[in-house]
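Chemist: Residues per chain, in single letters:
Protein chains: 4
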Amino acid sequence: MTLAELAPQLTEIARQCYARGWAPGTSSNFSATVSRDPLRLAITASGIDKATLTPAEIVEIDGLGRVMTGSGRPSAESRLHLAIARARGAGAVLHTHSIWSTIISEVAEGGVAIEGYEMLKGLDGVATHEHREWLPVFENTQDWAGAAPEVEGFLTEHPDTHGFLIRRHGLYTWGRDLAEARRHLEVFEFLFEVIGRKRG
Amino acid sequence: MTLAELAPQLTEIARQCYARGWAPGTSSNFSATVSRDPLRLAITASGIDKATLTPAEIVEIDGLGRVMTGSGRPSAESRLHLAIARARGAGAVLHTHSIWSTIISEVAEGGVAIEGYEMLKGLDGVATHEHREWLPVFENTQDWAGAAPEVEGFLTEHPDTHGFLIRRHGLYTWGRDLAEARRHLEVFEFLFEVIGRKRG
Amino acid sequence: MTLAELAPQLTEIARQCYARGWAPGTSSNFSATVSRDPLRLAITASGIDKATLTPAEIVEIDGLGRVMTGSGRPSAESRLHLAIARARGAGAVLHTHSIWSTIISEVAEGGVAIEGYEMLKGLDGVATHEHREWLPVFENTQDWAGAAPEVEGFLTEHPDTHGFLIRRHGLYTWGRDLAEARRHLEVFEFLFEVIGRKRG
Amino acid sequence: MTLAELAPQLTEIARQCYARGWAPGTSSNFSATVSRDPLRLAITASGIDKATLTPAEIVEIDGLGRVMTGSGRPSAESRLHLAIARARGAGAVLHTHSIWSTIISEVAEGGVAIEGYEMLKGLDGVATHEHREWLPVFENTQDWAGAAPEVEGFLTEHPDTHGFLIRRHGLYTWGRDLAEARRHLEVFEFLFEVIGRKRG
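Protein chains in written order, with the numbering used here: chain G, 5 to 204; chain P, 5 to 204; chain H, 5 to 204; chain R, 5 to 204.
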């Protein structure tokens with residue numbers, strides 16, 4: 005799909021996430037893959053309020069994070085979107101800042117294990133509630149150009165991962181397309197809230 | 005009522021449940037009885053996102069769970085819908101995945117007793133807040149064809165039951181029609197949240 | 005105001021309360037005073053789903069709770085609405101079933117004291133946050149014809165009360181008109197949630 | 005911008021805050037700077053329900069809090085809006101009463117330190133999550149004419165402050181314009197909820 009086709013879809017997803025409190029202020033960013041060879045992503049520009057996002061605020065970047073089409077600066081975290089697109093062949097990447105993902109990212113040590121819930125079957129390839137999902141927690145940084153290769157390496161080595169957290173920051177999840185990425189987002193947000201409230 | 009009449013009503017209920025966070029991702033399924041002899045249910049097809057469900061994604065199944073009308077695969081859990089329709093003469097069955105029903109299903113042992121709340125009077129046949137409602141918690145399984153008869157047996161032996169939980173999975177409730185089933189759903193969700201927050 | 009004028013306003017308030025989760029299932033009832041001499045109330049009929057309430061489901065009752073205009077049975081709790089209208093000269097009475105009022109009604113002993121919050125100034129006649137508001141908790145009953153006089157006596161003796169709770173049941177609050185009653189409702193719900201979460 | 009231009013914008017912000025539960029009853033007030041020399045603010049009149057606020061209920065006041073344009077009495081807290089406009093050159097000031105800001109204002113001692121969260125980067129001038137934000141908690145009073153100079157002095161001496169709390173009352177935050185003030189509000193509400201839930 006082209007930037008022109010993906011931009012309204014990303015805008016709609018961003019609006020839904022904002023409405024649910026998962027993208028407050030100018031936080032969060034959302035991308036979808038325009039082409040794989042060469043790699044091109046449609047991605048929300050940096051510093052945009054998700055409550056009022058318009059398709060014109062979605063830019064197209066290349067594999068080095070340079071803007072190919074559209075005006076606006078991509079977020080430093082576009083490096084993570086590119087890493088996920090490369091390592092996992094993702095068609096869409098959603099990065100959100102919810103209350104519960106922030107809390108879980110803070111209290112977890114190296115990662116979060118989630119096991120035994122029916123809701124896990126909403127994750128691609130998971131056929132039973134007996135599945136054990138493990139999300140790593142990466143430390144936050146302001147240098148994603150430097151840190152993204154570590155994340156990309158991890159995802160390449162762990163192809164069964166569906167998401168990860170960044171400490172006191174938020175969630176990254178993805179899917180082969182926007183619908184699957186959105187389903188993964190809902191699954192993880194649900195499970196974080198269950199775990200967070202049980203602990204509370 | 006026919007499939008054509010029930011499908012839009014089931015779609016509307018599903019949409020409301022999704023909006024309230026009770027049917028995230030592709031979870032949850034909803035049915036209504038088309039005929040009793042032979043038994044026919046209108047039921048949401050498996051793996052459909054409830055945020056975007058359309059009437060065309062409701063199928064009609066027979067008493068063995070085979071699709072009679074419509075395209076789409078019914079969920080393995082249609083066995084439980086059929087069991088409830090048979091054991092309790094239900095006109096509608098709602099199965100949801102909420103945060104609080106998941107938490108309650110996890111912390112309860114064999115079942116949950118709820119007693120002394122005015123809200124209990126929203127359940128069919130309950131005339132006083134002094135009523136004691138008991139919901140069994142069944143263990144989760146991926147083999148509902150095998151496990152549904154046990155549930156059907158329980159419901160036949162306990163005709164005063166208004167709902168049950170599946171461990172780390174969610175709630176089943178029902179009613180003589182969709183309006184009553186929805187009322188029961190609201191009553192149970194309210195009571196689970198009260199109990200869950202009190203415990204928290 | 006006449007029944008015809010008040011019914012749409014009560015319907016709108018009920019719809020708002022339902023949307024906020026304060027009137028699940030067929031719970032809650034709402035009234036406004038049509039005339040004082042003789043006493044006449046417009047009140048929601050019993051057993052009506054507040055999600056789909058229409059003005060035709062509001063009836064007019066006299067001071068003994070008998071239906072004067074409209075079809076439908078008034079709730080047994082209309083006795084409490086009449087008691088409040090008489091003891092406090094209320095122009096509107098709102099009775100809701102929220103999560104937090106239910107929890108507070110259960111953990112409080114004879115009543116709830118709320119003190120020191122700026123939000124208290126939203127109550128009629130309260131000019132400083134240093135105010136101490138006291139809400140009695142009455143035990144629940146299914147015989148309100150018998151129990152309403154005790155409530156009426158209490159309210160007559162304590163003219164500074166703005167609301168009361170019924171154990172494991174919900175809140176009653178009122179005002180000189182629907183706007184003031186709604187403001188009192190929002191004030192109490194806010195304060196119950198603050199107190200409930202602090203305790204949690 | 006003129007009062008006529010700002011009033012609809014303030015009305016819209018108030019409506020959003022009401023919908024999110026941050027401005028219940030007649031609580032909260034919102035202002036934007038019309039001119040700096042002489043100082044003029046557009047501000048919500050006192051005692052108005054934010055659910056039904058209209059642009060006609062926004063008045064223009066001068067630097068002494070006197071109404072220049074419009075009918076309606078400004079809140080006693082307009083003194084704080086003026087103090088913030090003077091000390092920080094704010095173009096907009098938002099004062100809200102949320103559940104979590106009330107709880108945090110009650111449990112904090114002299115102030116609240118928030119550190120290490122990515123969301124802090126939504127505050128003007130904050131470039132890293134390693135930032136430590138400190139919000140003072142001022143004691144509540146009914147004499148803001150007397151107390152506002154202390155607040156103004158504090159803000160002048162601490163130009164890096166983005167907001168403050170009033171004990172058991174609520175939050176004040178601001179920005180160079182309404183969009184920035186709203187972003188700051190969302191950032192603080194998010195962080196209060198994270199901190200409050202973690203503590204819970």
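Hints in this document: simulated from the structure, not taken from any laboratory. Note that CB positions come from ideal geometry on N, CA and C, so glycine has one too. Honestly, I wouldn't trust all of these hints.
What the hints assert, rightly or not - Subject to a maximum C-alpha distance of 25 Å in a straight line, what follows is the list of computed SDA-like cross-link-like pairs (lysine to any residue):
1) 202/R to 200/H
2) 125/P to 125/H
3) 125/G to 150/P
4) 125/R to 150/G
5) 125/H to 73/H
6) 202/H to 9/R
7) 202/H to 44/R
8) 202/G to 145/P
9) 202/P to 125/G
10) 202/P to 110/H
11) 125/H to 155/R
12) 125/H to 55/R
13) 125/R to 125/G
14) 202/P to 115/H
15) 202/H to 72/G
16) 125/H to 202/R
Claimed, not checked - Facing chain P, a subset of chain G residues (Cβ under 10 Å, in silico):
17) 40
18) 44
19) 49
20) 68
21) 75
22) 121
23) 126
24) 131
25) 136
26) 141
27) 143
28) 145
29) 188
30) 193
31) 195
Chemist: Which earlier hints can't be squared with this structure?
Modeler: Checked against the structure, the hints that fail are numbers 2, 5, 6, 7, 9, 13, 15, 16, 17, 18, 19, 20, 21, 25, 26, 27 and 28, while the rest are satisfied.
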